[in-house]
Amino acid sequence: MADIKTLIEIEVLRYRPEQDKEPVVQTYKVPFTDDMSVLQGLQYIKDYLDGTVSFRWSCRMAICGSCGMMVDGKPKLACKTFLRDYYPGNLRVEALAHFPVERDLMVTVKDYVKRLEGIKPYLIPKETRTIEEGEYLQTPQQRDRFMQFSACINCMLCYAACPQYGMNSKFIGSGHMAILNRYNADSRDGGRDERMESVNEEDGVWGCTAIGYCSVVCPKQVDPAHAINMYKAKSTIDYLTGLVTPGGADE
Amino acid sequence: MEVFKADVTIVGAGGAGLRAALAVAETDPELKIALISKVYPMRSHTVAAEGGAAAVTRADDSLDFHFDDTVHGGDWLCEQDVVEYFVAHAHEEVVQMEHWGCPWSRKEDGHANVRAFGGMKIERTWFAADKTGFHMLHTLFQTSIKYPSIKRFDEYFCTDLMVEDGRCQGVLAIQIATGEFTLILAKAVIIATGGAGRVFRENTNGGIVTGDGMALAYRHGVPLRDMEFMQYHPTCMPGTGLLFTEACRGEGGFMLNKDGYRYLQDYGLGPPDPSPRNKAMELGPRDRLSQAFWHEKKKGRTIEGPHGAVVNLDLRHLGAAKLHERLPLICELAEEFLGIDPVHTPIPVLPAVHYTMGGILADGKTASSLPGLYSVGECSSVGIHGANRLGSNSLTELIVFGKVAGIEAAKYAKSVAISNPAAIEKQAEAAQARAVGVVNKPGGTERLAVLRTEMAKSMEDGCGIYRLQADMQATCDTLRELRERYKHLKIDDHSKVYNTEWLLSIELGYLLEVAEAIVYSAFNRKESRGSHQRLDGYEKRDDANYLKHSLAYYGGDGVPRIEYGDVKITKSKPGTRAYGAAGEKAEAEEREHEGAGNG
Amino acid sequence: MSIQRPYVRSMDGWWKRNAYFTRYMAREVTALFVAAYAVVLLVGVIRLSQGEAAFNGWLQALKTPLSLVFHLLVLATFVYHSWSWFNIMPITMPMMFIGGKRVQPGTITRTGLAATVVACLAVFFIVRGISS
Chain A
-13 MADIKTLIEI EVLRYRPEQD KEPVVQTYKV PFTDDMSVLQ GLQYIKDYLD GTVSFRWSCR
47 MAICGSCGMM VDGKPKLACK TFLRDYYPGN LRVEALAHFP VERDLMVTVK DYVKRLEGIK
107 PYLIPKETRT IEEGEYLQTP QQRDRFMQFS ACINCMLCYA ACPQYGMNSK FIGSGHMAIL
167 NRYNADSRDG GRDERMESVN EEDGVWGCTA IGYCSVVCPK QVDPAHAINM YKAKSTIDYL
227 TGLVTPGGAD E
Chain B
21 MEVFKADVTI VGAGGAGLRA ALAVAETDPE LKIALISKVY PMRSHTVAAE GGAAAVTRAD
81 DSLDFHFDDT VHGGDWLCEQ DVVEYFVAHA HEEVVQMEHW GCPWSRKEDG HANVRAFGGM
141 KIERTWFAAD KTGFHMLHTL FQTSIKYPSI KRFDEYFCTD LMVEDGRCQG VLAIQIATGE
201 FTLILAKAVI IATGGAGRVF RENTNGGIVT GDGMALAYRH GVPLRDMEFM QYHPTCMPGT
261 GLLFTEACRG EGGFMLNKDG YRYLQDYGLG PPDPSPRNKA MELGPRDRLS QAFWHEKKKG
321 RTIEGPHGAV VNLDLRHLGA AKLHERLPLI CELAEEFLGI DPVHTPIPVL PAVHYTMGGI
381 LADGKTASSL PGLYSVGECS SVGIHGANRL GSNSLTELIV FGKVAGIEAA KYAKSVAISN
441 PAAIEKQAEA AQARAVGVVN KPGGTERLAV LRTEMAKSME DGCGIYRLQA DMQATCDTLR
501 ELRERYKHLK IDDHSKVYNT EWLLSIELGY LLEVAEAIVY SAFNRKESRG SHQRLDGYEK
561 RDDANYLKHS LAYYGGDGVP RIEYGDVKIT KSKPGTRAYG AAGEKAEAEE REHEGAGNG
Chain C
852 MSIQRPYVRS MDGWWKRNAY FTRYMAREVT ALFVAAYAVV LLVGVIRLSQ GEAAFNGWLQ
912 ALKTPLSLVF HLLVLATFVY HSWSWFNIMP ITMPMMFIGG KRVQPGTITR TGLAATVVAC
972 LAVFFIVRGI SS
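Protein chains in written order, with the working numbering: chain A, -13 to 237; chain B, 21 to 619; chain C, 852 to 983.
One chain only, chain A, in its complex shape (with noise of 0.2 Å):
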């Protein structure tokens, strides 16, 4: 590191619940190559400058879905956001937008995670098949109406990026959409109406006014924006035939 003379300059807003009272900014100089990583730059801070900064990470590949944060106000992973494309100027990183700072650049994801668990993100199978009958047929065309949506890694940067669950933290968002979605795509799948309430209810679809710029910023192209506003037609013909049906709605 001694003969490195680069250096840049990362803002990190601090939250120490015990000894702040609200977050505040404060600068760290970093030496830095031009294959550098956001992540690999605040690993240099916490190493070197300031073993308190807290952050998630793990697999610097952005497949784990852990190291999501905002950088220069966009939601970004810092495993594959890099340091040259801010040099020579300085950047900003802040906690994940639209979700409670717990720490420094943590923010909570349990909630996240119940909201998960309660669209029943499994495969509910349309037939029964034991083992020994060997794997359920799918082609790969079936296979690839529900590969996008499947891609989700859970980083939760389509959360940040959605100012109505911003504003609305029990909004569903496009995000469980596309896992929702995910499965009832899925050929071998017959839950779509188990899954219905969630799309239906208070704050499910019907809360997306078709932003779009979660879309935008996932890193693995699941296009949750169209998923949710997929669901909108669906949800509407749902209401419609059970004012018809008193059953609901049939596939």
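Rather than coming from a laboratory, the hints here were simulated on the basis of the structure.
Everything numeric in this text was worked out from a predicted model, so none of it was measured.
A hint or two may mislead.
[To be verified] Below, a list of computed lysine-lysine pairs in the DSSO-like style, where the Cα atoms sit at most 30 Å apart:
1. A:Lys96 to B:Lys171
2. A:Lys(-9) to B:Lys477
3. B:Lys385 to B:Lys588
4. B:Lys25 to B:Lys385
With chain A's structure known, arrange chains B and C on it following the hints.
Using the frame of chain A, we list chains B and C on its own:
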């Protein structure tokens, strides 16, 4: 402190831990399961696995072939009866995953597809594009949501096992959000905490792969088996060490040196075919490929890059369509981190530490020498990988033995009761004091990152692809010194809410102890076998003296004690590991021999 | 929860924090201009029902300088309204497949915009043809 009573406690919610939880829940929905993880389950490092899960599927394949491939790949250090169980139960487990929704890649007729993988005679690796671990983990986690008997403790960090009356009866964990301790009593404990690759400088592993469970069991007298066998994966990203899956080679990728030459043919893996040939060239086993790189570097035939010597992984001839269909994550990684489009440019790669073959000694039913304690997954040594693991055997291991661990732990839990809660609570208080004491000593001077970096560099120097006595000795000495300096840690963070510096400090303790188990095991194995290769007079495999497992026993403040255990040989007597043309010739001769014997 | 003190950040002025959000708000605001123009047209229909003199009075009012400025402004917002409408339209539609291949969002947007241009030109030439 808060106390929670469970029937079965599982530490680690990756593929193995989740599969075990599901097995307990399905065995008996009345059993209370505590599933503890220091990260949210979807962050577990299973998520980064790419290539696939092996299971005999094709009509022209057989359990014997998978068995032979695995035992040969492990250089005969495998527990053969356990390998027999493993290969026999692989297919049903990948089908079970599919029934739970795992989106395996398919053939046109709707059946699951299989691909070629290193060291495998016949295509048998089930895969989900090049994100198999991701899809398996998310399938398991999302399926686990269905079972109300699984209570998750997300972001709880285990600091100790509770051992009373000669049995493991629970764990002590820190609730990361508050810094408070919770005692979780259990009648059976399953450790599924993953490997220890982070002891090395360049590795494919996530930050959380720090050998936690290995150290916890180790400290309580359970031996760590075969720790010297660390797998170097031949195709990793320079600088970060991130993984480029073996599937790149399974789909037909070439490895080229600076002259554009497929150098693997010089190392007994040829002759080179234009399309992939099983167990030959780029589809040879990982240890051989990593060793070939080392030799190429010595001959000056590698390419000098900004992060050191590399070779080229050439995928251009696969074509854009195949690359985007079969290897989309690889394309993404190359593009985003290296600015390279694999359709037009070869990817620079080098070997980096990837997998820990060794681990907590576990029998074929995942039980450890400590009653009530089970271990499964990368943290355990159940005996199927031996001295070198074949790619795609590990993801299958999680689900085959995850189920076994769950069933066995459930059975045991129903047969015993918590014996002495008061005594265990006293133990918990003492353990709490130790965990807090790691960082709150007066007069500390050592910085956490400095110790960690010195450890990682020393392990790379001493326990690399090829090992020398003098280097291993130097690493032994460095680790002794680092363990001493560890007692004088000074950290900046003295808070309780999400104090990650404190947790990293405890992890460093785990890393240092596991590192010692690795290097002392390596130093004492005076032969070369699988991924443990020496250049100091012990270049050959020595079955007479070393057809044995290394067993590292915790020495407390002192050095580990290394003993040896027998290897269970059933059907496959130790032979030569031959790949490429030599391998085909050897197999033909064996068939002839068998034919003559049966004739 | 005793020692945790999660901090909730304010959403005040959220639409100013990111150009994407500002453009979204502009998109929403154009709806007001669409409504305003609809009122103008509605008045025209009412005047038509009140006879030739009333209708001509309405036409005259449209030719005033103030009206022309209003119409140019409304035209500009309509262009942005249509542009942003077709940009967001693909996400509201079900996944479409033609010949086994997924129809890309960009295709839907471009088709919509093209259809708009064609429709506008058609109306323009028809009206010009009638009035000449």
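Hint-by-hint comparison with the structure:
1. A:Lys96 to B:Lys171: Holds. Lys96 of chain A to Lys171 of chain B sits at ~14 Å (cutoff 30 Å).
2. A:Lys(-9) to B:Lys477: Judged against 30 Å, a Cα distance of about 23 Å means the pair holds.
3. B:Lys385 to B:Lys588: Between Lys385 of chain B and Lys588 of chain B the Cα gap is close to 15 Å, so the pair holds against 30 Å.
4. B:Lys25 to B:Lys385: Distance of about 25 Å is within 30 Å: holds.
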